[in-house]
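> Residues in the sequence shown are numbered from 1 upward in steps of one, following full-length UniProt numbering.
It should be emphasised that the hints constitute simulated quantities derived from the structure, not laboratory data. A virtual CB, placed ideally from N, CA and C, is assigned to each residue, including glycine. It is possible that some hints are incorrect.
Between beta-carbon pairs, the in silico distance windows are [what the hints assert, rightly or not]:
1) Gly283 x His9: 55 to 61 Å
2) Val276 x Asp175: 50 to 56 Å
3) Ser278 x Gly24: 53 to 59 Å
4) Ile4 x Arg97: 36 to 42 Å
5) Val276 x Gln318: 19 to 25 Å
6) Ala80 x Ala137: 25 to 31 Å
7) Ala80 x Gly251: 22 to 28 Å
8) Thr29 x Val241: 56 to 62 Å
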Amino acid sequence: MNLITPAEHPFAQFVRILGKGKRGARGLTREEAREAMGLLLDGKVEDTQLGAFLMLLRHKEESAEELAGFTEAIRSRLAAPGIRVDLDWPSYAGKKRHLPWYLLAAKALAASGVRIFMHGGGAHTTGRLYSEQLLTALDIPCCRDWRSVATAIDRHGLAYSYLGDWMPALQRMIDLRNTLGLRSPIHSLARVINPLGASCGLQSIFHPGYQAVHREASRLLGDPAIVIKGEGGEIEVNPDVACHLYGTRDGEDWDEEWPALSAQRHVKPEQLDPTVLSAFWRGEREDAYGQLAVVATMAVALRGLGIPREQAFEQARQRWDARFQSSQSMG
Numbered sequence: 001m002n003l004i005t006p007a008e009h010p011f012a013q014f015v016r017i018l019g020k021g022k023r024g025a026r027g028l029t030r031e032e033a034r035e036a037m038g039l040l041l042d043g044k045v046e047d048t049q050l051g052a053f054l055m056l057l058r059h060k061e062e063s064a065e066e067l068a069g070f071t072e073a074i075r076s077r078l079a080a081p082g083i084r085v086d087l088d089w090p091s092y093a094g095k096k097r098h099l100p101w102y103l104l105a106a107k108a109l110a111a112s113g114v115r116i117f118m119h120g121g122g123a124h125t126t127g128r129l130y131s132e133q134l135l136t137a138l139d140i141p142c143c144r145d146w147r148s149v150a151t152a153i154d155r156h157g158l159a160y161s162y163l164g165d166w167m168p169a170l171q172r173m174i175d176l177r178n179t180l181g182l183r184s185p186i187h188s189l190a191r192v193i194n195p196l197g198a199s200c201g202l203q204s205i206f207h208p209g210y211q212a213v214h215r216e217a218s219r220l221l222g223d224p225a226i227v228i229k230g231e232g233g234e235i236e237v238n239p240d241v242a243c244h245l246y247g248t249r250d251g252e253d254w255d256e257e258w259p260a261l262s263a264q265r266h267v268k269p270e271q272l273d274p275t276v277l278s279a280f281w282r283g284e285r286e287d288a289y290g291q292l293a294v295v296a297t298m299a300v301a302l303r304g305l306g307i308p309r310e311q312a313f314e315q316a317r318q319r320w321d322a323r324f325q326s327s328q329s330m331g
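Let the hints inform the model, and build the full structure from the sequences given.
This is the structure we're talking about:
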């Protein structure tokens, strides 16, 4: 029995801001979001507060200001060295309808000299195929520290890194997915971080309406970015539908609508066979959907580096065809 009123926990204010009823609740300011994430990353929050905070954010839907503030707190705690990167390529969704053709797009771009940092949070939802599960088969370097990331990008143009190795507190939040029963906002936040300050951050946001929010978060942070509704939530163009590019650079937003590349929808495979990717990469197997998806995804990435659409597609085809000619080519 308490005879003296206990002091309020410093994090309680942020739970209260988000959860104080329909009339009293509001979103966090950028500064509040930065402070709240700082407490989370520094381990100064109780587990009950963490769960409540994540689910209140999830229910409200995170704002651009909150994403920017969270990212600033993360970046101030990153111990990443200066590694020159052209593209930041988050991979957190996994695929369930189509194979992860984006991995081949990234490989081909890297083989042509584009420096790519890919990062993800591991397998977290049953029935999906994740990047992490295919790295070995596709000969994509999986790097467990920043030194090996730098070496892999210098040698191959492409490195994959596990979020848990450089920001374990965020990984723990992602891993609560199966405890809480819902995706937390951390899945979205991880796409904005751009930990190495790449020339362009690529982001895939599947749910409608979130693309513009993510673009605004990157604009607030001063980051060049392209946000798309990628197939399955990954950075991959679905050639069967139109693709809207939400871009930002130098504080200015831009938009482009890319038409569908196929007159009719392709039949999705009955099951996902990862061996198809290796065979397709080697030129031993054809796949009409995969061919369009790979080239279009490469074109979006090149568009992020400032190349206009038509030239981006032309270069994407050339770089794909020349994927074995570079000394950096893998596999």
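> Tell me, in ascending order, the numbers of any earlier hints that this structure violates.
2, 4 and 8
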